[in-house]
Every structure is written in structure tokens, then in C-alpha cells.
Amino acid sequence: MRTQGVAKFAKRSLRRFWRGLREWCGDAAYERYLRASGRQATEQRTLSAEEFYVEQINRRYSRPNRCC
Amino acid sequence: MKSILKVIVWLCVAIAGAGALAKVALHRGEPLNATWFVVAAVCSYMVAYRFYSAFIAARLLALDDSRATPAEIHDDGRDFVPTNKWVLFGHHFAAIAGPGPLVGPTLAAQFGYLPGTLWLIVGAAVAGCVQDFIILFCSIRRDGKTLGQMAREEVSARGGFIAQIAVLAIMVILLAVVALVVVNALKSSPWGTFTLAMTIPIALLLGVYLRFIRPGRVLEASLFGVVLVLFAVVAGQWVAASPPWARAFTFGGLSLAFVIIAYGFAAAVLPVWLLLAPRDYLSAFIKTGAIFSLAAGILFVRPHMMMPPLTRFIDGSGPVFAGKIFPFCFITIACGAISGFHSLISSGTSPKMILRESHARSIGYGAMLLESFVGVMAMVAACAMPPGVYFAINSPASIVGSTPDAAARTISGWGYHLDPQTMANLAHSVGEQTLLNRAGGAPSLAVGMAQIFSNTIGGDRLLSIWYHFAIMFEALFILTVLDAGTRVGRFMVQELGGRVWKPLARTGWMPGILLSSAVIVGLWGYFLYQGVVDPLGGINSLWPLFGIANQLLAAVALVVATTILLKMKRLRWIWVTLVPMAWLVAVTMTASYQKIFDASPDLGFLAKANVLAVQITAGLIPAAKIAETHRLIFNQRLDAAVTGVLALMILVLLVEALAQWYAILSGRREAVLHEAPYVPTKWAEGFTGTAHGDD
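Residue numbers (the numbering used here), protein chains in the order written: chain A, 1 to 68; chain B, 1001 to 1695.
Worth flagging that the hints you see were computed from the coordinates, not collected in a lab.
Certain hints may be false.
Computed footprint of chain A on chain B; a stretch qualifies when at least three of its residues, placed anywhere within it, have a C-beta under 8 Å from a C-beta of chain A [claimed, not checked]:
{"id": "1", "stretch": "1043-1053"}
{"id": "2", "stretch": "1124-1136"}
{"id": "3", "stretch": "1640-1647"}
Below, computed lysine-lysine pairings styled on DSSO-like, alpha-carbon distance capped at 27 Å [unchecked claim]:
{"id": "4", "chain 1": "B", "residue 1": "K1324", "chain 2": "B", "residue 2": "K1023"}
{"id": "5", "chain 1": "B", "residue 1": "K1085", "chain 2": "A", "residue 2": "K11"}
{"id": "6", "chain 1": "A", "residue 1": "K8", "chain 2": "B", "residue 2": "K1023"}
{"id": "7", "chain 1": "B", "residue 1": "K1023", "chain 2": "B", "residue 2": "K1002"}
{"id": "8", "chain 1": "B", "residue 1": "K1085", "chain 2": "B", "residue 2": "K1006"}
{"id": "9", "chain 1": "B", "residue 1": "K1085", "chain 2": "B", "residue 2": "K1625"}
By construction, the Cβ of each residue, glycine as well, lies at the ideal position given by its N, Cα and C atoms.
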């Protein structure tokens, strides 16, 4: 019973870590965008994964995002 | 019962921290173990975070979790993205952690380990973290506005313009100085140059993969790229061992400078997805991995500090850079304790992603504490090597000589014993021809890191691999700062230039892109060239200039923060930002004055120019070197002028702010805050922001 609990906890922690890592590095950005654009009534057209990727990095690297 | 236990635990942490700090400060004699530094830093950070940041959050800022943040109000999945606290902490830390906290403390080690370590810990707790935290809060309350916009609205229109110019100035000097660090690390090093050169095709490969094959799959692409980069580090030794290949990858300082200038231009002009973004992904993974590995290595090896707590160079006669502890220790440490540049990340980017106001405490204050810890680790790595070796690597040839014998004689004469054979053996064991006269901090940090890593894994057999891994790690993320900074600088030039000539402001217009990129690259490229041809190695004059610019920007941020707090009627607690602001103004003004007007040619730009001019007049300079000397004179005067302009800007902003504070305090002007209106949050209390409720 206790082993099961530990295994469950470890599995949940690993899943959280994996999800956090994907969000941190930008892997999950498009999924997030799709969820956000699904909620936005004003959205004209949902961008494809490629369009979103290019648009996102163009925006990110046009303002200070890396420090000294 | 629980609260008594808490009190006891925090008392123990405080006592352990105070005891370790006292040990670091007062210990004399046998070399001190690095564990004391780690305990002193970590316990101080814990106490500062638990009590001081909590005080700021509750009393000064009154953070309000019932208030919707910009990420909730404008959630568009693009700029405004509600992000889990720890994920945003990672984003924020990856953005603020640059080469500064690694290079600054390494250079400041010339005073000994004590002044730099104390300032890293104390400065971060009472100044750097406070600035990052409060600017982040101010920007959250203003829909993620930038520092320049807040300065314009809350201080004055002129204040906003000054902040904008200050950002551009610091960017130019920053890019020049970090490029110089790379040049000094890679000159005459085929192994290092090959490894870094290979990161370009690897990044291009990743760029194509992320754009066309698996769009946006950053994780898998980056891990694949990291494996390729690590292979390039290993392959570099085969290149260095093969004479024709080694010749092809051996460059002098000036050639490397031109290659880097061309690279910077290409990175600013090429599409972001092709080179800049994939390099940044690679850099972020390697940077994070290397920093955590260094922390683990220090804890595992627990090296002894071979550097004394204070050296003879506290009198200002140091070979790495000139100037006394006050103000130059603070100017040199810069980013590890407080960095003006962080205020650009704390405003504009992170505030648009924050989920709750209360998260600003861990993200703003907490991430800066971690950055300070990186600085302490760099100090440990630099001070763990014998002082003679440290000075041989970091001193320019014109001071210590360019041969091992001459360097050993000079440095031993200072009281730091150095055997001529030691440097030759060390260079051989790390796979380099020489490690002499490599000012800039990167090579000595790489030697320190390699010694720590090789004592953990591989022993002396892997020392050369670890050294080149460390060089690659530093150079890779320095170049990432360089290309990202050049591109941002290009936009700033376009924005400022657009006020004079409208078409320049069109960001998609190719002639405008080429022209503005050439302007920004030309600006930092000139300072880089100046550093490379400087007989003292360039770092000597450029790093203090960078430190002054950075600390001035921090002063600008603290002026804005103080003005906002005053308008929020937090007069009782205004010292929280006012004291660090006054300190920074004192430090930067003293440093600026000394760099411009000091009578010693080692320190004062104008004195140095005058000495050179007198030498020409007296016929002491050979005819062949007269043109070169005239250029050196011009460069010294240019540095003096740039320092003067930076100092003048902060004085003007300060006068503007003081006039505004006086008008508010005397009741002649109403304190108008430009906060966004209060909107209550719709999110439940336990909402963590992880993928919109799928947690």
C-alpha cells in the first residue's frame, strides 16, 4: 500500500517536472496558444504551428530578453 | 508548538549564516574551505528572503492576490501568458543570468575574496533583489509597461527619454565588453575556436528542424543540439592536434574581433528562426546545466581558497583593473549584486506572464538571490586557484610581461609565488599553447571550473575537456547575449532614428534593417576594436565603463521605483529604495569622476591621454607607432566623454525626480499614479496556472 503511494507520488512529480520543463523551454507554447485562442472570440484565424513559432520568436527577440 | 519550532529553525539558520559570514570575514592564516562561503551565502539568502522580502511584499507593496494580473486580463497565449510560478521563475532566471555574475566576481578577485563576496551577498539582499522585485511589481500594476514607459509616465517625459538612451548606451558597451571577453578567451586557441564555430552550423540545423520539420518542438531539438555541441567540444582536441586544422582555427585578437563583428551583423539581419533562436535554446540548456553542475562540483570537492581575503591591490594598483575597493569593487561586481539590465526583464517580459501578484516575491527577489549565488560560485572558482596563476592569466602583457619567465618574476615580486614552469604545465594540461595575458575573466574561470569538475569526474585526464567545456559554455552564452542584444539594439536604433527620419522606424523595411544593424554593430564593434588594440588588454578600461553604465541604469530604475513609492504614500518605508539608490549614485559618480579626471594615467582616461600626448611631443614614441598612439589618445578621450555623458544623464534624471518629489511632498503637485484600474481575479485560490487547469 505504502509502495503504491510512493510510486504514485513519484509518477505525479515526474509528470509535473516534465510539464514544467516543456513549458519552460517553450515546447508547450503552441498548445497553450491554441487553448488561449479557443477562448478568444476576437481571434481572426488560428495560426498553424509553424506560423505561431515564427511569430512568437520574432516578438520575443525584438525586446530585451537576455541579460548581462 | 509549531510556531516555536519555526522560530528555533530560523534562529539556527540565522546563527549559522552569521557564524559562516564571520568566519569568511575574520579568518586569517590557512586557506579557508569553500563550504564556509556556501553556508554564509545560502543562510543569508534564506534569512533575507524569509524576512526582508516578506516585509517588502506586505508593508511596502501590499501585494494583492485578489487583483487580476495582466496575464489574466489580457491572456492571448502570445505575450500575456499566465504561467506557473516555478516555470516563470525558470524563465526569469534564464533571462537575467548572463556572463556578468561570472566575469565580474572573477575580475574583482584581484582585491582578494572578501570584499567581493561580502558585496555579492549583502548587495543582492538589500539592493539587487529589491530593484528586481519592486520594478516587477510596478510593471505588473501597469499592464507590463517597460522601464522607459514607466519613467516617462511617473517621473517625466525627459526621464523616459534618458532611460531609453541609457539602455542603448549600456547595450553598446555591454556588447563590446562581452565580445572582448570572447576574443581574449579564444585568441590563439584552435580548440576553443573550433568548438564555438561548430555551434553555428549546429544552430542552423536546429533552426531548420524547428521551422520546417517539427515546428516549435524545442525540447527534442535542443537536447539533440546539446549532444552535438558536447561532441564538438571533444572533437576540438583532434583539431588542435592536427597542425593544418589547428592553423585554420588559430586567430589573433584582431581577426577574431572582425569575425565576431561580422557574426553580430549577420545575427541581427538574418531571420530569427534560423540562427538566433536555436542558439539561444542551446545556450539556455547548457547554461542551466553548467551552473547547477558547478554548484554540485563545489559542494563535492569543497576546494580551499588559495587567494588571501585581501590582496595588496586594495590600494588601487591592481594589474587586472585600476582603482581602489571603493568604488571599483562595486562597479566591477555589478550584475552579481545589482544589475540595471534586470529592470528591463522585470518590466516588459515577466510581468506579462505572472499569475498572481504574490509570485513577484519569489520571481523578482528570489531569482536575483540565485544569480548572486552564481556570482559567489564564480568567486570561489577564481579564488581556489593559486593567486600567482590567477594574476598570470588575468594581467596584461604590458604589466607582467609576455613570457612565462617575465610573468613569474613580476608576479612573484608582488608576493604571489609563481614558478615559470607552472603556467607552461597548466597550459599544456588544458590543451592550450599559453594561458598568459588572457584578461577578461573567462579563461581563469574556466581553469577554476575545470579543476573543480575534474576533481569530481575524470581527474587530470579530463582537465583539458572540462576546460574547453567551460570555455564553450561561457562563449556560447556570451555570443547569445551578443546576437540577441544586437537585434534589440537594432530595434532601439530604428525607434530612435524613426523620430528623425520616419522610414527608419519601419521594422520590416530591409534598407532600414541593414542601416540600423550597421549602426549598432558599428558602435559596439568600435569599442571592441578599441579594446583589442589597447596595450592594457581592453578589459582594464572597458569593464569599468560597462560597470558604470550598468549601475547607472540600476540607479535609473531605483529613481523610478522611489518616485512610484512616494506617490503610493509609502514615505515611512521609502528608505528601502532610497538608500540603495543613493549608494549607487555615490558609487557611479565617484567612479565616473575618477575614471575621467584622476591624475594617475593607470586610472584616469584623460591623464592617460595626456601622458601619451606628452610622449609624442617629447619624441619618445617611434615614428612607426605615432599614428597608433594618436588612436589610443582618441580612444581614451572617447571613453572619458562616454563616461561623462552617462554621469550627466543620471544627474539630469535625479534633478527631475527631486523636483517632482519636492513638489509632491510640499503639496504643490498632486501625486498621480498611472496604475491600471483594479480588476478582481476570476481564478480560484488554488489555481496554479499549469496548462489552464489540467493539473
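- Message: So, against the hints stated earlier in the document, which numbers end up violated here?
- Response: 1, 2, 3, 6, 7 and 9
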